[in-house]
Amino acid sequence: MRRAFTAAIGCASIAAAAVAGAEPPAGAAACSGCHAASPQVTTPVPRLAGRDRAEIVRAMQEFRSGARAGTVMDRIARGFTDAEIQAIAAWYAAQR
Amino acid sequence: MNAGRREFLKSAVAATASAALLPVPAFAQGAAPRVVVVGGGFAGASCARALRTADPRIAVTLVETNATFTACPFSNVVIGGLRELSAQQFTYGRVAAGGIAVARTSATAVDAPARSVTLADGSRLPYDRLVLAPGIDIRWGALPGYDEAAAGHMPHAWRAGEQTLLLRRQLEAMPDGGLVVIAAPANPFRCPPGPYERASLIAHYLKTKKPRSKLIVLDAKDAFSKQRLFLNAWSELYPGLLEWVPLSKGGQVTSVEAATRTLVTDFGRHQAAVANVIPPQKAGRIAEVAGVADRSGWCPIDPVTFESKLQAGIHVIGDAAIAGAMPKSAFAANAQAKTCAAAVARLLAGGTPSVPKLINTCYSLVAPDYGISVAGVYHPSGGQLAEVPGSGGVSPAGAPRASRALEAALAEGWFRTITAEVFG
Numbered sequence: 001m002r003r004a005f006t007a008a009i010g011c012a013s014i015a016a017a018a019v020a021g022a023e024p025p026a027g028a029a030a031c032s033g034c035h036a037a038s039p040q041v042t043t044p045v046p047r048l049a050g051r052d053r054a055e056i057v058r059a060m061q062e063f064r065s066g067a068r069a070g071t072v073m074d075r076i077a078r079g080f081t082d083a084e085i086q087a088i089a090a091w092y093a094a095q096r
Numbered sequence: 001m002n003a004g005r006r007e008f009l010k011s012a013v014a015a016t017a018s019a020a021l022l023p024v025p026a027f028a029q030g031a032a033p034r035v036v037v038v039g040g041g042f043a044g045a046s047c048a049r050a051l052r053t054a055d056p057r058i059a060v061t062l063v064e065t066n067a068t069f070t071a072c073p074f075s076n077v078v079i080g081g082l083r084e085l086s087a088q089q090f091t092y093g094r095v096a097a098g099g100i101a102v103a104r105t106s107a108t109a110v111d112a113p114a115r116s117v118t119l120a121d122g123s124r125l126p127y128d129r130l131v132l133a134p135g136i137d138i139r140w141g142a143l144p145g146y147d148e149a150a151a152g153h154m155p156h157a158w159r160a161g162e163q164t165l166l167l168r169r170q171l172e173a174m175p176d177g178g179l180v181v182i183a184a185p186a187n188p189f190r191c192p193p194g195p196y197e198r199a200s201l202i203a204h205y206l207k208t209k210k211p212r213s214k215l216i217v218l219d220a221k222d223a224f225s226k227q228r229l230f231l232n233a234w235s236e237l238y239p240g241l242l243e244w245v246p247l248s249k250g251g252q253v254t255s256v257e258a259a260t261r262t263l264v265t266d267f268g269r270h271q272a273a274v275a276n277v278i279p280p281q282k283a284g285r286i287a288e289v290a291g292v293a294d295r296s297g298w299c300p301i302d303p304v305t306f307e308s309k310l311q312a313g314i315h316v317i318g319d320a321a322i323a324g325a326m327p328k329s330a331f332a333a334n335a336q337a338k339t340c341a342a343a344v345a346r347l348l349a350g351g352t353p354s355v356p357k358l359i360n361t362c363y364s365l366v367a368p369d370y371g372i373s374v375a376g377v378y379h380p381s382g383g384q385l386a387e388v389p390g391s392g393g394v395s396p397a398g399a400p401r402a403s404r405a406l407e408a409a410l411a412e413g414w415f416r417t418i419t420a421e422v423f424g
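Protein chains in written order, with our numbering: chain Y, 1 to 96; chain U, 1 to 424.
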């Protein structure tokens with residue numbers, strides 16, 4: 001949690017979300033429909049929990065711009081703003 | 001006291017015991033907030049778990065009639081003979097172990113002003129907030145001739161379980177050269193691409209096992225989910241075997257005659273060797289009983305909290321809800337469940353729920369190694385859940401077979417992931 005807060009400092013809306021506690025920011029809860037929370041699950045889809053924040057942000061931005069090829073992530077990333085992507089990445093980076 | 005009730009009390013005691021470290025016992029009067037969730041499918045079981053995660057002080061009771069949940073996604077693969085029904089089945093052991101009281105019984109009534117649910121044995125379960133996740137019920141009789149007895153001859157297989165196996169057995173018993181007919185309903189219904197995935201996998205079965213047979217899809221619509229992708233794949237994989245008849249070409253089935261497996265349209269009669277009638281549907285019965293279903297048979301909800309627009313204190317999630325642009329899918333049900341749980345936890349704590357953003361992703365198999373998908377991102381807009389402009393869409397039309405194979409693998413990964421989150 002502390003790490004999420006530190007990572008989020010500098011952006012008021014994200015800091016506000018982190019202060020609100022463990023509740024995932026808008027959009028984050030739906031990710032675990034495909035990105036398994038448990039490391040036990042066998043799937044080609046990478047886990048997000050504990051991943052580097054900047055790496056998640058970069059992936060989402062590249063999916064959104066089309067710079068990175070995706071199957072469904074290009075279509076999903078286009079539904080998120082930069083601020084939302086930052087908040088989701090910070091939250092997942094803080095999960096274990 | 002019946003077995004279901006006894007088991008429930010046992011799990012309620014276990015839930016209280018597992019909450020022993022908390023400052024208040026789970027069922028103490030006026031202490032921990034109480035949430036009752038009715039229905040243990042993708043929506044209900046997800047919500048029960050997400051409520052405990054959002055705030056472990058909440059005492060959650062999950063009311064579910066069946067000891068075993070049978071999942072609909074991938075049940076078309078069972079019908080196509082390439083998967084066993086046991087791979088679709090999940091129990092509530094891990095859900096209960098997470099401190100949720102699992103009441104193995106049915107909810108028969110809801111007293112919204114008094115905030116209590118009546119169970120099958122007449123006992124009452126008080127709640128501070130109620131979440132209804134009853135899935136669908138068949139509108140028996142809406143299609144003339146299609147009643148519960150008819151479903152024994154012409155299975156719907158739209159609630160997975162015995163009906164799934166019945167349709168599979170009928171296909172297996174059919175001689176080569178038989179006519180299979182699928183009747184697809186008008187919108188809205190559970191799993192919009194489902195009838196077309198089913199047609200694909202039955203066609204795959206016929207092509208490999210009974211190649212002289214024919215499959216006709218009689219449709220009450222002129223357009224359907226992932227239509228172009230399905231039609232292209234059908235002409236590539238199942239030419240001459242699978243025929244889709246839209247509404248405008250006389251596809252709407254107006255009545256059925258179960259004894260002879262006959263489907264009647266305005267343009268003719270189709271006597272099938274195997275007939276799969278996917279009938280008109282509505283929200284599960286408890287929604288109507290609780291007064292949260294409108295005249296459409298489905299449940300209007302607030303797009304931020306999923307609280308009913310008809311009854312305060314009752315939330316509706318999953319297939320039963322009118323969720324705007326979101327389809328009635330397991331993925332959507334799970335996403336709605338988590339959003340609803342966060343909102344309910346906030347409301348119980350006296351706070352204001354935050355504005356959510358939801359995702360849906362639905363894979364369909366056109367063949368075992370040929371997957372296609374539709375995805376969307378949704379947000380509250382104009383009192384409904386609307387698709388975020390510019391987001392979403394279906395798999396590209398001209399994608400190579402390798403990417404279809406990848407989507408088939410992703411579909412299986414999705415099923416393992418979501419069932420692990422909900423039941424594992």
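A few of these clues could be false.
[Unchecked claim] Beyond 12 Å from chain Y on every Cβ pair, some chain U residues (computed): (1) G93; (2) D147; (3) R228; (4) T265; (5) R295; (6) A333; (7) K338; (8) S354; (9) T361; (10) G382; (11) E387; (12) P389; (13) S391; (14) E421.
[Unchecked claim] Here are the simulated distance ranges between beta carbons: (15) Y/S38 to U/T68: 19 to 25 Å; (16) Y/A67 to U/P400: 16 to 22 Å; (17) U/P144 to Y/R58: 54 to 60 Å.
If you are wondering where the hints come from, they were derived from the structure by calculation, not from laboratory data.
Don't be surprised by glycine CBs; every beta carbon is placed ideally from N, CA and C.
How the hints compare with the structure:
With a closest Cβ-Cβ approach of about 16 Å to chain Y, U/G93 is found to remain outside the 12 Å limit, as its non-interface label requires. For U/D147, the requirement that its beta carbon stay farther than 12 Å from each beta carbon of chain Y is met, with the minimum near 36 Å. No beta-carbon of chain Y is positioned within 12 Å of the beta-carbon of U/R228; the least distance is around 16 Å. Non-interface call for U/T265 relative to chain Y: holds, since the shortest CB-CB distance, roughly 36 Å, exceeds 12 Å.
Residue-level check passed: U/R295 sits 31 Å from the nearest beta carbon of chain Y, beyond 12 Å. U/A333, annotated as away from the interface, has a beta carbon of chain Y within 12 Å; the closest lies near 10 Å. The claim that U/K338 lies off the interface is violated: its Cβ sits roughly 4 Å from the closest Cβ of chain Y, which falls inside the 12 Å cut-off. Separation of U/S354 from chain Y is inadequate, the least Cβ-Cβ distance of about 7 Å not exceeding the 12 Å criterion.
With 12 Å as the threshold on Cβ separation, the claim that U/T361 sits away from chain Y is violated: the shortest Cβ distance comes to roughly 5 Å. Residue-level check passed: U/G382 sits 17 Å from the nearest beta carbon of chain Y, beyond 12 Å. The claim that U/E387 is not at the interface with chain Y is violated, since a C-beta of that chain comes within 12 Å of its own (minimum 8 Å). Not every CB of chain Y is more than 12 Å from the CB of U/P389 (nearest about 9 Å), against its label as outside the interface.
Under the 12 Å C-beta cut-off, the non-interface status given to U/S391 relative to chain Y is violated; the minimum distance is some 3 Å. Distance to chain Y contradicts U/E421 as a non-interface residue, since its nearest Cβ pair spans about 6 Å, not more than 12 Å. Checked against the given bound of 19 to 25 Å, the beta carbons of Y/S38 and U/T68, roughly 21 Å apart, stay inside it. Our hint of 16 to 22 Å for Y/A67 and U/P400 holds, since their Cβ atoms are close to 20 Å apart.
Remark: the range hint 54 to 60 Å for U/P144 to Y/R58 is upheld by a beta-carbon distance near 58 Å.
Of the numbered hints stated above, those contradicted by the structure are hints 6, 7, 8, 9, 11, 12, 13, 14, listed in ascending order.
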